[in-house]
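Sequences and hints are given; from them, build the entire structure.
Now for the letters of each chain:
2 protein chains.
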Amino acid sequence: MDIVEHMRDIGRRARVAARVLARSDTATKNAALAAIAAQVRASAGDILAANALDLESARSSGADAAFIDRLTLDARGLEEMAAGVEQVAALPDPIGQITDWNDRPSGIRVGRMRVPLGVIGIIYESRPDVTADASALCLKSGNAAILRGGSEAARSNKAIADCVQRGLAVAGLPADAVQLVGTTDRAAVGELLRMNEFVDIIIPRGGKSLIERIMAESRIPMIKHLDGVCHVFIDRDADLDKAIRIADNAKTQRFGTCNTMETLLVDAPIAARVLPPLAAIYRDKGVELRGDEKARAVIPQMAPASEVDWATEYLAPILAVRVVEGVDQAIEHIARYGSAHTDAIVTENRARADRFLREVDSSSVMVNASTRFADGFEYGLGAEVGISTDKLHARGPVGLEGLTSQKFVVIGDGQVRT
Amino acid sequence: MDIVEHMRDIGRRARVAARVLARSDTATKNAALAAIAAQVRASAGDILAANALDLESARSSGADAAFIDRLTLDARGLEEMAAGVEQVAALPDPIGQITDWNDRPSGIRVGRMRVPLGVIGIIYESRPDVTADASALCLKSGNAAILRGGSEAARSNKAIADCVQRGLAVAGLPADAVQLVGTTDRAAVGELLRMNEFVDIIIPRGGKSLIERIMAESRIPMIKHLDGVCHVFIDRDADLDKAIRIADNAKTQRFGTCNTMETLLVDAPIAARVLPPLAAIYRDKGVELRGDEKARAVIPQMAPASEVDWATEYLAPILAVRVVEGVDQAIEHIARYGSAHTDAIVTENRARADRFLREVDSSSVMVNASTRFADGFEYGLGAEVGISTDKLHARGPVGLEGLTSQKFVVIGDGQVRT
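Protein sequence lines correspond, in order, to chains A and B.
Everything in the first sequence is counted per the working numbering, starting at 1288 for the first residue and increasing by one.
Everything in the second sequence is counted per the working numbering, starting at 1288 for the first residue and increasing by one.
I should point out that these hints are in silico values taken from the structure, not numbers from a laboratory.
Among the hints, a few may not be true.
Stated by the list, open to error - Heads up, incomplete: computed chain A residues facing chain B, CB under 7 Å, no partners named:
1) Val1307
2) Thr1313
3) Arg1532
4) Pro1556
5) Arg1560
6) Glu1575
7) Ser1650
8) Met1653
9) Phe1664
10) Val1696
To be verified - Label-pair ranges, simulated between beta-carbon atoms:
11) B/Met1502 - A/Gly1543: 54 to 60 Å
12) B/Arg1623 - A/Thr1313: 41 to 47 Å
13) A/Asp1700 - B/Gln1588: 44 to 50 Å
14) A/Gly1613 - B/Asp1333: 43 to 49 Å
15) B/Ser1347 - A/Arg1391: 44 to 50 Å
16) B/Ala1474 - A/Arg1570: 34 to 40 Å
17) B/Val1303 - A/Ala1590: 39 to 45 Å
18) B/Asp1333 - A/Asp1387: 39 to 45 Å
Every residue, glycine too, gets a C-beta built ideally from N, C-alpha and C.
Structural data, given as structure tokens:
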């Protein structure tokens, strides 16, 4: 069978399974999730053996350490995977909830019912844990999933997907509810991105180059995360202790995450007070500073920042620092160079905090808190599908609700329109 | 200036204006809307003169009666246009509202603030009233608008857009908040659909061929309406009076609207009781019936329906009729042939009504009410941007809220992540 027909067959089968899932009750979906978790635990040996083969291939083809790290599974990781699936089972089922009832003058009652999106295509790279994680989220939200993992993790993904299949069977749900694309042919991704009659949404999970390639090709809407050029602005009316604590944490708690601060903006009147203690902390933690002229006037050891630095997501122990003249210039800087992900102001001035909250057009805007809080679990969403840097449908951390839609339900008693 | 650079210049200026609009307060936006309405009334003579020239060109180029009808403005239409703009002013301002406050164990408070989408591109055909209507909706929701109307309505659109410009000036809002693309060059639309760095969403308003062309070309998300193949299913436990009233109204109240019933499904046990009185009503109202064999066994005068009929949006006094064996077959038929727009069941059986509501995957699902109710005003949304047949972002009738997004706001007191 050629690859186009193979993918379309997967799509058609997903569409049929999606209708079964959409009407499955919460108990059935939770039973499948519990069974999947049990299968992951029971098959740990098989999964680790498959992973060892993937790792061997990756090492022999010269993959770097970070790549090997993302690909590696261990017993503890598998237990976390199983527990993660159980956590999704424990979340409230969004499907079927009706809200916003409204009695209209015509006599009809109008409400909104939460429903699955239908078929979700997930395209990911070397992390095999996404196989379990994405399966669980799609299943709980009543969606069928088509999973396309990286070829380097093919054996690990297959072993985990087998657990998912056995779990679905235990609960009497269709095997096609979660399909792993087996072929490593690159054309499969192209076809997946084109078959909009079978796939309702694409969620790419991976690095920027993957996302950009998918954006260029896809004819299907996406929930995606692009850049995280996040800012902390320390206002002239900041509490200095809070400012230092937040600017430290936002940069150094983890360097490689999308909600890590990449540029620090400091209000001119307090630069001489706040920059020296922060520079000392960053120096101790091995963070390289790159500043504009005014920042370098306070901390001469700083390297000069170029125009490129302001727009760079380092994902590394490097921080750009700029001294600005007040909140207006900070907001301007963020609008020009930021990526609309997460930006914070540190201030005790309520009016300026409100302006920052309203005028900074980012998926998360914060007052006196670390940008590192931009996360589905920290926000109380229970699970995280990803963080969306788009504006439509879902913005910021996306929970189960992001995999659903709402339809209108109308209850009448014979009403007609006049 | 070439057309690409011309469009990109419009995009850049819209982006700048969008930031001003996003922080404009409700009073300013409403003042602009009031001034626009006043300008439309004061300039009625100019608008009608411009419209007369458009009509003259359209007639001499052989436009048909329906086209001329859509293009025609008159004094009463202009008063409705002005009143429509005032109605938008009277709606609550969605922007800046914060909901879903959630106190987290970490000490942060998380909420969601409603914000504009940014820049909205509206592409429409021959109806010049869209110029005022779309301007008002975008303005109220804090979005900048780029309007591209049909070339045949160019002079009418320009006269109305001039009123919008004068209204914006009265309120001190930037002229670039609403830009009408002046050139009739077709390439302008292509560029508008490609410049996703300047345009956040495209709303096409027009016939199916316009929408399909835009779908094929656009790199920007859309709120769009495609097909309305709507069904009424008369269940065996229907109240026959309600069934007849609803099936009559859903088809005959207006033939050309997207929420008009195109296929009637009748449960076999009551076909012989419900079809004869309905056939008499339809005959009196000039509706041609096309039925399957079982329907024709009851009403032999019916023409036979072909496979094509089940999937056709007639927008005309034609109705497809099928006799089905119960709610399952009705749901199957709708899943296979419907367009996921609006579908209704008539029944007194609660369990079957619930199944229909849950399992029919359409933007509006109804019990004992006419499909003609699927409308933003009937649902109490206050205004209607359009009806979306998509699942993402907005589904079904779209009000002002569909032109907005939500960002997360986080309020801390110096919290950092551990």
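Quick rundown of the hints versus the structure:
At its closest, the beta carbon of A/Val1307 sits 10 Å from a beta carbon of chain B; the interface hint therefore is violated under the 7 Å criterion. This hint is violated: A/Thr1313 has a C-beta 13 Å from the nearest C-beta of chain B, more than the 7 Å allowed. For A/Arg1532, the shortest C-beta to C-beta distance to chain B is roughly 5 Å, which falls under 7 Å, so the interface hint holds. A distance limit of 7 Å between C-beta atoms decides the matter here; for A/Pro1556 the minimum to chain B is near 20 Å, and the interface restraint is violated.
Annotation: A/Arg1560 was flagged as interfacial toward chain B, and the flag is violated, the nearest CB pair being 17 Å apart, outside 7 Å. For A/Glu1575, the interface hint is violated, the least distance from its beta-carbon to any beta-carbon of chain B being 21 Å, above 7 Å. For A/Ser1650, the interface hint holds, since its Cβ comes within 7 Å of a Cβ in chain B; the closest pair sits about 6 Å apart. Residue-level restraint check for A/Met1653 holds (minimum Cβ-Cβ distance to chain B is 4 Å; threshold 7 Å).
This hint is violated: A/Phe1664 has a C-beta 10 Å from the nearest C-beta of chain B, more than the 7 Å allowed. Annotation: A/Val1696 was flagged as interfacial toward chain B, and the flag holds, the nearest CB pair being 5 Å apart, inside 7 Å. Our hint of 54 to 60 Å for B/Met1502 and A/Gly1543 is violated, since their Cβ atoms are close to 38 Å apart. For B/Arg1623 and A/Thr1313, the Cβ-Cβ distance of about 27 Å falls outside the hinted range of 41 to 47 Å, so the restraint is violated.
With their beta carbons about 32 Å apart, A/Asp1700 and B/Gln1588 fall outside the hinted range of 44 to 50 Å. Under the hint 43 to 49 Å, the C-beta atoms of A/Gly1613 and B/Asp1333, about 46 Å apart, fit the expected range. Taking the beta carbon of each, B/Ser1347 and A/Arg1391 are about 46 Å apart, inside 44 to 50 Å as hinted. For B/Ala1474 paired with A/Arg1570, a C-beta distance near 55 Å fails the hint of 34 to 40 Å.
Hint check: B/Val1303 to A/Ala1590, Cβ distance near 33 Å, so the stated range 39 to 45 Å is violated. Against the hinted window of 39 to 45 Å, the Cβ-Cβ separation of B/Asp1333 and A/Asp1387 comes to about 43 Å, which satisfies the hint.
Checked against the numbered hints given earlier, the structure breaks hints 1, 2, 4, 5, 6, 9, 11, 12, 13, 16 and 17 and satisfies all the rest.
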